Each structure stands twice: as structure tokens, then as C-alpha cells.
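Fit chain B to the known structure of chain A by using the hints.
Chain order of the listed sequences is A and B. According to my numbering, the first sequence is numbered sequentially starting from 1. According to my numbering, the second sequence is numbered sequentially starting from 1.
Read the hints as simulated data drawn from the structure, not as lab findings. As the structure is a computational prediction, the values presented were derived from the model and not from experiment. Glycine included, C-beta positions come from ideal geometry on N, C-alpha and C. Heads up, a few of these hints could be off.
[Unchecked claim] Taking CB as the label site, the calculated pair distances span: (1) Asp99/A with Glu88/B: 38 to 46 Å; (2) Asn115/A with Thr357/B: 15 to 23 Å; (3) Ile108/A with Ser160/B: 36 to 44 Å; (4) Ala21/B with Pro307/A: 36 to 44 Å.
[Claimed, not checked] Among chain B residues calculated to face chain A with C-beta under 7 Å, some are: (5) Ile111; (6) Ile126; (7) Ile371; (8) Gln379; (9) Gly383; (10) Gly384; (11) Arg398; (12) Thr412; (13) Val417.
[Claimed, not checked] Which chain A residues stay away from chain B? Per the calculated CB distances, all over 12 Å, these: (14) Asp18; (15) Arg32; (16) Ala36; (17) Val57; (18) Gly71; (19) Asp109; (20) Pro114; (21) Arg167; (22) Glu175; (23) Pro183; (24) Asp194; (25) Ile255; (26) Ala314; (27) Glu315; (28) Ala342; (29) Ala376.
2 protein chains.
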Amino acid sequence: MLDTTKDPAHLPTQLIADMGARARAAAAALARKTSAEKSDALRAAARALRAAVPAIVAANGKDMQSGRDKGLSDAMLDRLRLDAGRIEGIAASLESIADLPDPVGDVIDTIARPNGMTLSRVRIPIGVIGIIYESRPNVTADAAALCMKAGNAVILRGGSEAIESNRALHIVLAEALASAGIPADAVQLVPTTDRAAVGAMLQAAGLIDMIVPRGGKSLVARVQAEARVPVLAHLDGINHLYVHSSADPAKAEAIAVNAKMRRTGICGALETLLIDAAYPGARALLAAVAATGCELRGDDAVRALAPEATPATAEDWDTEYLAPVLSAAIVDGPEAALDHIARHGSGHTDAIVAEDTEVAETFLARVDSAIVMWNASTQFADGGEFGLGAEIGIATGRLHARGPVALEGLTTYKWQVRGTGQTRP
Amino acid sequence: MLDTTKDPAHLPTQLIADMGARARAAAAALARKTSAEKSDALRAAARALRAAVPAIVAANGKDMQSGRDKGLSDAMLDRLRLDAGRIEGIAASLESIADLPDPVGDVIDTIARPNGMTLSRVRIPIGVIGIIYESRPNVTADAAALCMKAGNAVILRGGSEAIESNRALHIVLAEALASAGIPADAVQLVPTTDRAAVGAMLQAAGLIDMIVPRGGKSLVARVQAEARVPVLAHLDGINHLYVHSSADPAKAEAIAVNAKMRRTGICGALETLLIDAAYPGARALLAAVAATGCELRGDDAVRALAPEATPATAEDWDTEYLAPVLSAAIVDGPEAALDHIARHGSGHTDAIVAEDTEVAETFLARVDSAIVMWNASTQFADGGEFGLGAEIGIATGRLHARGPVALEGLTTYKWQVRGTGQTRP
Numbered sequence: 001m002l003d004t005t006k007d008p009a010h011l012p013t014q015l016i017a018d019m020g021a022r023a024r025a026a027a028a029a030l031a032r033k034t035s036a037e038k039s040d041a042l043r044a045a046a047r048a049l050r051a052a053v054p055a056i057v058a059a060n061g062k063d064m065q066s067g068r069d070k071g072l073s074d075a076m077l078d079r080l081r082l083d084a085g086r087i088e089g090i091a092a093s094l095e096s097i098a099d100l101p102d103p104v105g106d107v108i109d110t111i112a113r114p115n116g117m118t119l120s121r122v123r124i125p126i127g128v129i130g131i132i133y134e135s136r137p138n139v140t141a142d143a144a145a146l147c148m149k150a151g152n153a154v155i156l157r158g159g160s161e162a163i164e165s166n167r168a169l170h171i172v173l174a175e176a177l178a179s180a181g182i183p184a185d186a187v188q189l190v191p192t193t194d195r196a197a198v199g200a201m202l203q204a205a206g207l208i209d210m211i212v213p214r215g216g217k218s219l220v221a222r223v224q225a226e227a228r229v230p231v232l233a234h235l236d237g238i239n240h241l242y243v244h245s246s247a248d249p250a251k252a253e254a255i256a257v258n259a260k261m262r263r264t265g266i267c268g269a270l271e272t273l274l275i276d277a278a279y280p281g282a283r284a285l286l287a288a289v290a291a292t293g294c295e296l297r298g299d300d301a302v303r304a305l306a307p308e309a310t311p312a313t314a315e316d317w318d319t320e321y322l323a324p325v326l327s328a329a330i331v332d333g334p335e336a337a338l339d340h341i342a343r344h345g346s347g348h349t350d351a352i353v354a355e356d357t358e359v360a361e362t363f364l365a366r367v368d369s370a371i372v373m374w375n376a377s378t379q380f381a382d383g384g385e386f387g388l389g390a391e392i393g394i395a396t397g398r399l400h401a402r403g404p405v406a407l408e409g410l411t412t413y414k415w416q417v418r419g420t421g422q423t424r425p
Numbered sequence: 001m002l003d004t005t006k007d008p009a010h011l012p013t014q015l016i017a018d019m020g021a022r023a024r025a026a027a028a029a030l031a032r033k034t035s036a037e038k039s040d041a042l043r044a045a046a047r048a049l050r051a052a053v054p055a056i057v058a059a060n061g062k063d064m065q066s067g068r069d070k071g072l073s074d075a076m077l078d079r080l081r082l083d084a085g086r087i088e089g090i091a092a093s094l095e096s097i098a099d100l101p102d103p104v105g106d107v108i109d110t111i112a113r114p115n116g117m118t119l120s121r122v123r124i125p126i127g128v129i130g131i132i133y134e135s136r137p138n139v140t141a142d143a144a145a146l147c148m149k150a151g152n153a154v155i156l157r158g159g160s161e162a163i164e165s166n167r168a169l170h171i172v173l174a175e176a177l178a179s180a181g182i183p184a185d186a187v188q189l190v191p192t193t194d195r196a197a198v199g200a201m202l203q204a205a206g207l208i209d210m211i212v213p214r215g216g217k218s219l220v221a222r223v224q225a226e227a228r229v230p231v232l233a234h235l236d237g238i239n240h241l242y243v244h245s246s247a248d249p250a251k252a253e254a255i256a257v258n259a260k261m262r263r264t265g266i267c268g269a270l271e272t273l274l275i276d277a278a279y280p281g282a283r284a285l286l287a288a289v290a291a292t293g294c295e296l297r298g299d300d301a302v303r304a305l306a307p308e309a310t311p312a313t314a315e316d317w318d319t320e321y322l323a324p325v326l327s328a329a330i331v332d333g334p335e336a337a338l339d340h341i342a343r344h345g346s347g348h349t350d351a352i353v354a355e356d357t358e359v360a361e362t363f364l365a366r367v368d369s370a371i372v373m374w375n376a377s378t379q380f381a382d383g384g385e386f387g388l389g390a391e392i393g394i395a396t397g398r399l400h401a402r403g404p405v406a407l408e409g410l411t412t413y414k415w416q417v418r419g420t421g422q423t424r425p
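Chain A extracted, bound-state conformation:
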């Protein structure tokens, strides 16, 4: 329990230490639950959410009112809103997570040694996961369910503007999970909106094993800059599409338009188009993008082909627009495209359109990003589209898990060694 006799300045640290210790104990108990027990508990939670629609909508109404009073934008209010349809979506998401295969217990590989010992690497939960998120209350349920399905305890820290909604969702979830035999401390919500609690989570090495930030760039940047705990995240998605001279024009146009315009606000959206100087369809390709209403910012060679393009500045090549804006450049061959991506890419998702297999395979081998694509839209950068089920996020770090991270990325492994009395000579 929280010791309230201490210096108030240390309260967030104590609060997180207390929650972390309870989470660690819950994780140990949760690691022993069967896949069926975890899935049944998630289905029970989905039923409980459906039954609690009025209470959740009422709590959300308080957040909506506060948000309007504070002058939140319409976009933020929309992200915050819960109604019966959205709560049904959350419940259905819990059920689809319940249906996913459980990675815990999977044997990654086994080594038989000449001395008769066998060694196996077996998947286990990571332990305690911290989720730091902003205004979407659905993260409360989705992230908790994914962490719990992989056997992890979770500490949730949502945005202050969604605190009433998050509390209501958390109470329903925690009670349903506890009724189904899951330790209540397996899913905890930080009860305070004090921003120092975020700092305490970021410093909680040993208490929290991994932190996943879910939200905008400023949140992710703060988490990456301050965290002493490993972070699974991406900061930018400055994604490139390189159209090689061998590209099929129909594929190039369809992929460029889809990658840029299907949804411009997601991290897998295209931001920079690189057209090979030897590609004969450059003019038509640029016209096809411009025809969708997308603003074009080009280098001189692009502007010679697309009169609607404005001049791109140096900054444009390093900008994630998340908007109907595309920077475009003409490049002299694959090496120049690879150089541009190495200099300006963010390691998220980069793609090539080409019919030349050798060029495409070179691109797939040499672009040093979490996801590299050939003749496919960058908008597929998503755990669901990859067939992984739900995702906890997309990671561009170099260790542990990269690209779309789903249940497997929420596990680690241990070595199990089985002998018959072997001693080391």
C-alpha cells in the first residue's frame, strides 16, 4: 500500500513502486494460467463491457463535457468519444484477442548435446508492461488484453482528458478478469493524472520491464528521451516509395496513390516518392497523385514534369506530413534511391515498385528499415494486415522486436536444460 507519510514529492515514485510490486506478483501468478483460462477471462471481460455500456457512456460523458469546457479540438473530442457502437468494437476486439494463438510455452528451438543434455528455448511472458497513452480510451482495453493474453501484468497510464472513461473501463475489466480467476493486479490503472507519474514509470527499471507509448510524436519523443526502461515504439514514419525504371506503370500509380492517400494520418502512410530518372511514366505518375488532391513538393526535375508541384525545401525530405502532401524527387538509379532513404528515412517502412527481380531483391536486402516492401503499398504496415492479429504498436528500434509487434513481441524466452546427472568436466 502507498505510504502517505513520505515527502509528497516522492509520492508518484512510491505509487509506481507499489503498483510495480503488485504487478510483479500478479505476473508470476498470471504466467501459470493456461491459454484457455486467459481467453475465457477475455471473453468474460467482453461480456462485462457490453453489460456496462450505460455506465461507461455516462463516465465518458463527463470527460466529453470537461473536454468541451477545456476547448479540445473536434478531432480530439472524436478520439475521446465512446458510444454503444465503439464499446461493441472494444468488446469484439477483446474476443478476437482471445481467439489468437497464445505464444507462451512455444518451444523456439531445441539443441541435443553430445553429453545427452537437451536445451530448449521456451517462450515466457516478459513480466510487467507499462502503457502510456493519450486520449483514446479504447487503448485501456486493447493494450490490457494483449499484454494479459501474453501472460504479462500491465500498468496503464492514460491521458488526463480520458480519466473518467479509463476508470470506468478499468473497473469493468478488472472485475471481470478477477471473477474469471485472473489476479486483480494483473491490470492496473494509474489512479492519478499527475504528470509526475509518467516520469516515475519511465524511471522504474526493475519494476517495469518494457514501456509502450501509444500516442503522438511529442509523447513518444518524451518517453524515448527520458526512459530508463526499454521502450518499444517508433517516432517517425518517413516512408519512401522508389519507382524503378522497370516498374509497371499501373502498379506504380495504384501503389503511390494508395500509399499516400488511403489514410494520410497513419504511420505507414507514404511521405516521399522517389522516381528513377529512367522510369518512362514519371509525368503520368505525378499527375495521378496530383489528381487525388494531394499537394506535391518537388525538386527541380519533378517540377519540370509536374507544373502543380511547389519547390521542396531541404526540410521536406525529413518531414512526416501525416497529411495530403507528398515530397517527390527524381533519382539516378537504385544506388541514389538507397542513399536518399539511408539519409532521410526513419527506419519504418520503405517500398520499391519494380519488375526487375534483381533490383527489387537488392532493395529488400539493403534498405535498413523495420519493413521493406516490393510491389505493395506501405499502408499494409500493420499487425492485422500482416496476419498477426492485433498489434501493440510498430517498433523501429533495433533490438527485441521490430515492425508490427503483436503477442510474440510481448514475450521473451528462457532456456530449459534437461539432463540425467551431467557434470561439467
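For chain B alone, kept in the frame of chain A given last:
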């Protein structure tokens, strides 16, 4: 190149930034080398080391003289010493690393999607690895070779007492690798003994992708406390052996003696023996350990069975002796053993001796350590004994790689997506 016009206080930071940038460029070139090219270069380096024995021994002689002048202990001087035999050992080690299978390019798994896309996770080098080590100059060659074989550039920072030896080894290695077509900046040695250079490496997030400390506990503790870069390491090896009531007495005695006494100074050595109260051979087991000259520190129940045992204090259960000393306790059944290990273990290596398969499997499942063993000595906790070839270290963190870490742990993966023009609906 290092800009020497700047404030001297920033020199180590600039030095590491410069080395990091050159390492990144070298890593990009190295990632494109074939396995054969990397292995051939390692064999060339082994030949070069053998040809350079006189120069290396001469450089080492300067370190040895400085060490004697500074009053280094005999143990430290022994770790520092290089002679023809030890250099031959280093060369042979490079050749054995050359012979290991190269993990780079391995396909971890492939997903075929209903829309015709295929997604593969392919192993790639991590990028730039930092190695911070103390007085053993062989680490200069071993760690460089392991990192390079897995396609990584490496920045080596050895102890000041071995600087002449490390420089001599590094020059031979770097020249041999460069002659074999490997970028010279793939293996760099921090040229200064300024301790601030270590701090600069620990802060070099984005320049160095992972740091491996190789040395004593104070070095590892500093690295873990200060690093902003992910660290692969273990701090303690407080390893337990639990002897269940069903244990075969011959196995229990052989394993306990081997685990404690084969080599007491390694991280896989046994530190605490837990004997089940229902195990009938406790007296003989304790006598067998004591007969090796090992000091016993026991709880009251142990002291009743082993008169030579002195009383264990609370501190003993949390102590890694790395010496012929063993703490021992009598526990009431497997749950008590699991509780003791959960409270006092360091997550390195814990073992059970039992003939009861169910109890053993429960132990393997529930002990939350990087390595859990059944009827085998904890001294097998070693990459070579696991059949992995050489190891870069043993890790007790929860992410990326755990237990003995060899070439695979020095790689990560990317997603390669191959389509035929797919766009996302």
C-alpha cells in the same frame, strides 16, 4: 575526423560521435559482405596474429611493466599477460568463430497472406556494438570477431592497464581485415584511456545500438546504471541448486560438488544449496560438499546436519561468493524452494535434482531465470557448452536475448514483404 577546436570537456563525446558515425558507415558496407568473405577475413586475422607474436608480446610487456609498477595483484597481472601460447589461443578462437554458421540472412518465418503478399522475417546485423571491458586483452580479438562475423561494426573500449596490448592486437586485426576487404572502421579501438570516453559510449544512443560490458561487477553495475544505450549483461549469478526429496543421491552429490567447486569464480557457479526437508541424504550431501574444502554457511537445520557449517546471515542468501563458500538451507517442499529462488535469485541459472518428472517440470516452468536446469550442473551455463560456439556474454535482462548470447543474439531482423501490386482496401 575529430574537431580539436571544440571545448576539451566535449572531446570524449565528439570522439565517440566521430567513431560512431564511421562505424555506422562501416556497418552498412559490412552488412553486404558474404559469409565466406567474413570468415576468410577472420582466418586472415588469425594468420596475422600468429605472425605478429613478437610485436604483441613486446607491447604486452610494457603493460605488464606498468602493471607491476602500479602494484597490480598477481591475479590481475595473470589476466593481463600475453605469451605465444595465449596468442595462439586467440588465433584459434578467431578460426573457430570463422567456422560458425552465419545467422545473417536466415529467414525466421514466412507468412503468406490471402491477398497474395508474402512476409518474411530475415535476420540482419544489429549495426554498431560497443564493448567495454577490463584487463583481458583477448577480448579485443574475441569480441571483435563475434561482432564482425554477425555483420556488426564494433567499438572496443578496453581497460587502461591493457592499452598497449589492445593497440597492438587492434592494429594487427584491423590491417588483416582491411586487406581481406572488410572496412577498416568495422573494428575500432577507443584510442584514449580517459574514463569519460566510457561515459560518452553509454550516452551514445543512436550511434551505438547495444553495449556489452565484459568484466567485474562494478563495471557492469556502472554500465547498467548509466547507459542510455541497451545493455546486454548480467550483474550477479546467485545460482541455486534445489535437491528434491526424489533426488538420486549420487546425482545430487556429483552435481552439487561440480556446480560449486569445478571453478568457483565463474558466473555459473553454484552459490546456494536448497535441500528438501524430505530428502533422506541431506547429511551425506553436505558432508560431500564440505569434504571438498568448501566452507558451508547454513540455517539452523543445516547446522544440525553439518557441524562444520557456520551460521548463515540474512546477507548470505543474497551473496555471490565466487569463492569456495556455499550457503545452504533446508526447505519444506518445492513451493518453499521456488519462493526462496524468487526472493533471492538473480535470474541467471537455477537447477533442480529430482527423479520426480512432474516436480522437475514444474520447477523448469516456474523458475523465472534465464537458464533453468534439471539434473545437470549449473557450470554448464556457457555458450560453448550450449553448442552455440563462442559467446559474447550471458544476459539476465528480459528482452532481446537471454542466457548465453552468441551470434544470433548479435543480430536482429527486418520484415521483407513481396507483393504483386497489392494496395490496401
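Outcome of the hint check:
A hinted range of 38 to 46 Å is violated for the C-beta pair Asp99/A and Glu88/B, which are about 59 Å apart. Taken as a hint, the range 15 to 23 Å holds for the pair Asn115/A and Thr357/B, whose Cβ atoms sit roughly 20 Å apart. A hinted range of 36 to 44 Å for the beta carbons of Ile108/A and Ser160/B is consistent with their spacing of about 41 Å. The supplied range of 36 to 44 Å is met by Ala21/B and Pro307/A, whose beta-carbon atoms lie about 40 Å from each other.
Here the hint on Ile111/B is kept, as its CB sits about 5 Å from the closest CB of chain A, short of 7 Å. The criterion of a C-beta within 7 Å of any C-beta in chain A is met by Ile126/B, whose closest approach is roughly 5 Å, and the hint holds. Satisfaction of the interface hint for Ile371/B is found here, the shortest Cβ-Cβ separation to chain A being roughly 5 Å, below the 7 Å cut-off. With a cut of 7 Å, the hint placing Gln379/B at the interface with chain A holds, because the nearest CB-to-CB distance is about 4 Å.
Hint status for Gly383/B: violated, given a least beta-carbon distance of 11 Å to chain A, over 7 Å. Contact between Gly384/B and chain A, as hinted, is not supported at the beta carbon level, the nearest pair being about 11 Å apart and thus beyond 7 Å. With 7 Å as the threshold, the beta carbon of Arg398/B comes within range of chain A, its nearest partner Cβ sitting at about 5 Å, so the hint holds. The criterion of a C-beta within 7 Å of any C-beta in chain A is met by Thr412/B, whose closest approach is roughly 5 Å, and the hint holds.
Contact between Val417/B and chain A, as hinted, is supported at the beta carbon level, the nearest pair being about 4 Å apart and thus within 7 Å. For Asp18/A, the non-interface assignment is confirmed: its Cβ lies about 18 Å from the closest Cβ of chain B, beyond the 12 Å cut-off. Chain B draws Arg32/A into its interface by the beta-carbon criterion, the shortest separation being 7 Å against a cut-off of 12 Å. Every CB of chain B lies more than 12 Å from the CB of Ala36/A, the least distance being 17 Å, so the non-interface label holds.
At the 12 Å boundary, the C-beta of Val57/A stays outside the reach of chain B, the nearest C-beta of that chain being 31 Å off. Every beta carbon of chain B lies more than 12 Å from that of Gly71/A, the smallest distance being close to 35 Å; the non-interface claim holds. With a closest Cβ-Cβ approach of about 10 Å to chain B, Asp109/A is found to fall inside the 12 Å limit, against its non-interface label. Its closest Cβ contact with chain B, about 9 Å, brings Pro114/A to no more than 12 Å, contrary to its assignment away from the interface.
No Cβ of chain B comes within 12 Å of the Cβ of Arg167/A; the nearest lies about 30 Å off, and the non-interface call holds. Under the 12 Å C-beta cut-off, the non-interface status given to Glu175/A relative to chain B holds; the minimum distance is some 28 Å. At roughly 15 Å from the closest C-beta of chain B, the C-beta of Pro183/A stays outside 12 Å, upholding its exclusion from the interface. Interface exclusion of Asp194/A from chain B stands, the closest Cβ pair being 25 Å apart, more than 12 Å.
Chain B draws Ile255/A into its interface by the beta-carbon criterion, the shortest separation being 6 Å against a cut-off of 12 Å. The claim that Ala314/A lies off the interface holds: its Cβ sits roughly 20 Å from the closest Cβ of chain B, which is beyond the 12 Å cut-off. Look at Glu315/A: its CB is around 20 Å from the nearest CB on chain B, clear of 12 Å, so calling it non-interface holds up. Ala342/A, annotated as away from the interface, has a beta carbon of chain B within 12 Å; the closest lies near 7 Å.
In this structure Ala376/A is not separated from chain B by more than 12 Å, as the shortest Cβ-Cβ distance comes to only about 3 Å.
Violated hints for the displayed structure, listed by number in ascending order: 1, 9, 10, 15, 19, 20, 25, 28 and 29.
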